[in-house]
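Protein chains in written order, with my numbering: chain R, 3 to 555; chain Z, 551 to 975.
Accuracy of the hints is not assured; some may be wrong.
[As the list claims (entries may be wrong)] Straight-line C-alpha distance at most 27 Å; calculated DSS-like pairs for lysine-lysine:
id, chain 1, residue 1, chain 2, residue 2
1, R, K330, Z, K795
2, R, K515, Z, K954
3, R, K523, Z, K575
4, Z, K954, R, K495
5, Z, K584, R, K528
6, R, K546, Z, K575
7, R, K515, Z, K715
8, Z, K611, Z, K954
9, Z, K882, R, K162
10, Z, K955, R, K528
11, R, K330, Z, K798
12, Z, K611, R, K523
13, Z, K969, R, K523
Keep in mind the hints are simulated off the structure, nothing from the lab.
Single-letter residue listing:
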Amino acid sequence: MLTKLTGGKVYDPAHGINGEVRDIWIRDGRIVAAPGNEQASQEYDLNGKVVMAGAIDMHTHIGGGKVNIARSLLPEDHRGDPVERHGLMRAGCGHAAPSTLTTGYRYAEMGYTAGFEPAVLPINARQAHHEMADVPLMDVGGYVMLGSDDYFLRMLQAGKSQEEINNYVAWTIHSSQCIGVKVVNPGGISAFKFNQRSLDLDEQHVYYGVTPRKVLQTLARAVHELGVPHPLHVHGCNLGVPGNMETTLNTITGIEGLPMHLTHIQFHSYGTEGDRKFSSGAAQIAEAFNRNKNITMDVGQILFGATVTASGDSQRQFANAGHAHNGKWVVMDIECDAGCGVVPFKYKDKNFVNALQWAIGLEIFLLAEDPWRIFLTTDHPNGAPFTMYPHLIKLLTNKSFRNDMLATINPEAAALSTLGTLDREYSLYEIAIMTRAGAARLLGLKDRGHLGVGAGADITVYTEQEDKEAMFAKPDYVFKDGELVVKHGEVVKIVWGNVHTVKPEFDRGPVEKDLNEYFDKYLTMKLDNFIIRNEEIEMDGRSKIIVHPCGRV
Amino acid sequence: MTDSSSQIWENVPSPFCGIASDDLKIQVTGNEIKVLANGDAITVAGFEQPITDTLPRVGGKTVTLEEAVAAAAGYLRDARLPLFSGFGTDVNDTRAALSLADHCGGVMDKSRAEASLRNLLVLSDTGWVATTLGELKNRVEVLVVFGSDIEADFPRFYERLIWNKETLFGQDTAKREIIYIGRPPSGNASTAPDGRKALVLPCPMESYPEIAAALNAVARGVSLQVETIGGLAVTELRAVIDKLKTAKYSVVTWSAGHLNYPHAELTIQQLCQAIVAINQSGETRAAVLPLGGQDGHRTASQVFAWQTGYPGRISYARGYPEFDPYHYSMSKLLANGEADVLVWVATLNARQTPPVVAIPSIVIGRSGMVFEQEPSVYIPVGAPGIDHAGHMYRCDNVVSMPLKKLRDSGLPSGAEVLKEIEMTL
């Protein structure tokens, strides 16, 4: 079937197309060149509409153990947002920790066609895939967490070669069916199990004697040398600690030019100035970002309201548990592999710290010069639920709206922030970079995030409106792999997305020999049962695994 | 002994033993299964359960699968409030049951829900600091077992996780201390290899709440004005807390099914808060390990949670999932006559049979079930991990195991049958 999208105003930054009127042709789920004389069997008149590739959320907690703990922790939140069975859509729940089904519908209704779970514990990867398989209408993928797992720390302690470590990293990516590698509080999750309550960049882990700096350098090098397109995804040390800006700056210089992605940077950009010893480090962080082209980052913007923070960082989550909304929280030590912490949170605009966090995130967005290296996230649900993205887009694209909001927050925080002096307004082209072209490039998704010939036909069509929140909340049409799945904000067809992975080359023999023995002696399952086989994911015919190429350095 | 028509499987995971031991050696000869190595009473019974029925029945008469599906769909079409229970399932069976219940506005309960709610109510009220089997195996120095006979439900718990020879951090596992509070263990699994018995602080179940509260108080440094609580000396309880505080890593565990009295969640909450306090003291680390979830119960809870937001006791009657731990209990809905069809889904354990009911019942159950009351519709199905591939979750929620297909019995899976019923609707 040939489909034609006629006369839309196209924003396709991967091809430098900035709001030009273009036709787009789709056949068999792909974007194709204009086919000469052949007539389209379906045509959509997009005159006056804005056309972009489907949006990609490159950091969103949509599946895995900690998300399911968050769900079980929050019955009262679900009660506030019940989702009825409606049309093609199954029943579920929404708001902060939505059901998998509702997650897929709501993303699609906003024009998102892919989401990446950033904290896949190797031992819990199967669950992450189970949950992501139940997210309809979206492509998915995961970043596997390393850096606090006993096996890796033991390798570092023993001075194993980079080559041996690369093999282990590659083996873990394969076994967990992931597309990238993440490190969370490098070594710190493990340190917490040894009763070490904090771990700064150059502090030694009490048992293994290694430092977070060493963990970061080794893992960043491994990811780079394996040719995995997505750089090491880093949730740094000292999340949420006033003054952690210094740690973040040292992390940037400490990586010695290797590609590195700093995630939810807002939570790592705090200074210690002022009476309250809490201030914005946005200017310094943005300055370092602008100077160091090897660095990419997503913001993890907070937006006001109740939500839940679900993180692999058991150490920091335990430290922050005193702030838990409604006084309940969960922290877990997990399988000598990782950990997690789930802490409900309520960000209040009249609270000094929360208000300043809000301003810091926005300052970073506005001071970061290169939209190809910064990404629009709320670290769903940690800073805010993903359903607030349209509101965030409005804050970024509309200075007067932003200043109106600034006038309503805690006045002390507002006075300390430079936000009011920042005139920048993101353009639609820049929004398309941050949420599409840049995200796809960052992850190595060659056929997503753009509208060129050969791309998977994930396409979102909006009505251009002055109110960008309204515009981005409810697109006119969303196509997933060429199928119209959302029309005027209503899901009209259910399809199931792809699972994006990489499978870097490596030497399986030696690493598996040693790991086999390690699993048998120390862990609670066989290596053979740990590895997630393709058929487990593809068995029921819904999900399809896509393997993206790695360019070995 | 094997013959030429037999096949041997290694590293087979057990969906039955609660801790998902995956070192089983199994022999399959036709439809007959024999556990050759590393079985335990529960696992052997689970695997070696013979196939009895292969054909569905409606009203006690043998019918084709299509006829049985049509009959089940007929009952559901007429039902005002279908009640789903059992569970007893793997991931795909649970997915299919949720889809069907969503479709027909049913209530979802589980036969083990009463036990698991004791944990879930604590989770959603205050939370906890928890651990998993792998951490236990490598780190625990002191294990406190509260009011539970672990080895009765988890026969290999001690062998695999406590008396393991080696640990990652050089601990001498033979020195591990096991303390039972409440009921003593039924066997000797908790006895150390050198013959050292677990310390037992015996007390009746009626005392559990106050003893748990006293432990929490002591952990928080509160001085108690009495000398004994629930039959135990306060000095003994203080000694337990002291042991937890001096150990580098300690674990408090219980099996919620054994804390079988009203509002046992309050007891569990006190234990959890005691462990929170020990962690908050900064002196050392400790964690809880809530055990339970056998027969695929934990698996069902997980899938319920990710598809609906709630791990159990859900009603779709209003069109969206509603959670009510009190109203949506199977026994209540049966007793007060609200439910008008019972759909019993139990695909792992053939002994997990439905209660006797006064309403029509549809059973999608593992072949081998023996009923006290012939169901209106019975569709025998295969077991995940034996008759088809699948996935299960272990008692600590974190690890899920791939389950293998070991034989070609020709039995449909629960998921296939449930999907057929939904399609027919």
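Verification of the supplied hints:
1. K330(R) <-> K795(Z): Given that 27 Å is the threshold and the Cα spacing comes to 23 Å, the pair holds.
2. K515(R) <-> K954(Z): holds (23 Å)
3. K523(R) <-> K575(Z): holds (18 Å)
4. K954(Z) <-> K495(R): violated (33 Å)
5. K584(Z) <-> K528(R): holds (21 Å)
6. K546(R) <-> K575(Z): With Cα atoms ~32 Å apart, K546(R) and K575(Z) exceed 27 Å; violated.
7. K515(R) <-> K715(Z): holds (21 Å)
8. K611(Z) <-> K954(Z): With a Cα-Cα distance of about 32 Å, the restraint between K611(Z) and K954(Z) is violated, given a limit of 27 Å.
9. K882(Z) <-> K162(R): violated (61 Å)
10. K955(Z) <-> K528(R): This hinted pair holds, its Cα atoms lying about 17 Å apart.
11. K330(R) <-> K798(Z): holds (25 Å)
12. K611(Z) <-> K523(R): Distance ~52 Å between K611(Z) and K523(R) Cα, so the pair is violated.
13. K969(Z) <-> K523(R): Roughly 41 Å between the alpha carbons, so the hint for K969(Z) and K523(R) is violated.
Consistency note: the structure conflicts with the earlier hints numbered 4, 6, 8, 9, 12, 13.
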